[in-house]
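Engineer: Chain residues, written in single-letter form:
There are 2 protein chains.
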Amino acid sequence: MGLAAWDGLANEGPESWSPFDVVGHLIHAEEADWIPRAKIIVEYGEERAFEPFDRFAMFEKSRGQSLGDLLDRFEWLRGESLKDLEGMNLRPEMLGQRGMHPDLGVVTLGHLLSTWVVHDLGHIGQVVRVIAKHYDEAVGPWQAYLPILSR
Amino acid sequence: MGLAAWDGLANEGPESWSPFDVVGHLIHAEEADWIPRAKIIVEYGEERAFEPFDRFAMFEKSRGQSLGDLLDRFEWLRGESLKDLEGMNLRPEMLGQRGMHPDLGVVTLGHLLSTWVVHDLGHIGQVVRVIAKHYDEAVGPWQAYLPILSR
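Chains as they are written, first to last, in numbering that gives the first Met the number 0: chain A, 0 to 150; chain B, 0 to 150.
Treat the hints with care, as some may be off.
[To be verified] Some but not every residue of chain A turned toward chain B, in silico, with C-beta under 8 Å: (1) Trp16; (2) Ser17; (3) Leu81; (4) Gly104; (5) Gly109; (6) Leu120; (7) Arg128; (8) Ala131; (9) Ala137; (10) Pro146; (11) Ile147.
Hints in this document: simulated from the structure, not taken from any laboratory. Treat the numbers as computed from the prediction; the structure is a model and nothing was measured. Where is the CB? At the ideal position from N, CA and C, for every residue including glycine.
So that you can see chain A by itself, here it is in the shape it has in the complex:
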């Protein structure tokens, strides 16, 4: 099954996301969430609340692209984010610096950076579930041994 075949892969039902949707969402988060928010914390602290993050922006932004396009774009953006992060020269004592989330209230730089990690792990988990469910019937009697199919 080539990469192109995953473009239209079914999601987990209404209001859930396909791998294509997820990668678009990760792209938008690189552009609008993690590093931009980290910079707001370092520069403005609690004085300036983050811009609200649009969890659905990718439905418009990804239109007309292939999953391969999105993966390439994500790979490039992640590289840029890591360079930006390194360039911020964060020291451990800065992880307690406080920022203002528009809904959650006070958060710290450490919370934000940990959330970046957990957020992306969560979406990896989501993508593997969606792909696994594509084989729901193909596994035959082994279905009973594969808890990912009922998660």
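We have chain A already, so just place chain B on it with the hints.
Structural biologist: Showing chain B alone in chain A's frame:
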């Protein structure tokens, strides 16, 4: 956090597996499950039941190794498995060939190959959950937005 730091990463509670355990289990499956069973189906069909697979073999086999050792070994074994698979010259009509699972009864070669995929996706999902839960408290108020932490 370097790779070595994950060696002893907590699992998800009693009788659950750490990433170290999971990679050891994937190694044992490459050695004793997927390709060996595919060959039994092609050569013997239902006449010869598979050897039961030991889901806990890695607790002994992985002893004394690092996570890095295990990942290197898995990478090499997976490459060998894919070469073996290619060498079997399977054609689509062979996917219906039947074999005998010691507990599940009759299965097909297609079921087995699909299960290989879903099994490994399931364990990727497990590893990302375990790593994510390591940051359970570190994410602060974002915990509420991260469903992987309560899966």
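Engineer: So, for every hint listed, does it hold in this structure?
Structural biologist: Cross-check of the supplied hints:
{"no.": "1", "hint": "Trp16", "in the structure": "violated, 12 Å"}
{"no.": "2", "hint": "Ser17", "in the structure": "violated, 15 Å"}
{"no.": "3", "hint": "Leu81", "in the structure": "violated, 14 Å"}
{"no.": "4", "hint": "Gly104", "in the structure": "holds, 7 Å"}
{"no.": "5", "hint": "Gly109", "in the structure": "holds, 7 Å"}
{"no.": "6", "hint": "Leu120", "in the structure": "holds, 4 Å"}
{"no.": "7", "hint": "Arg128", "in the structure": "holds, 6 Å"}
{"no.": "8", "hint": "Ala131", "in the structure": "holds, 4 Å"}
{"no.": "9", "hint": "Ala137", "in the structure": "holds, 4 Å"}
{"no.": "10", "hint": "Pro146", "in the structure": "holds, 7 Å"}
{"no.": "11", "hint": "Ile147", "in the structure": "holds, 4 Å"}
In the structure shown, a violation is registered for the earlier hints numbered 1, 2, 3, in ascending order.
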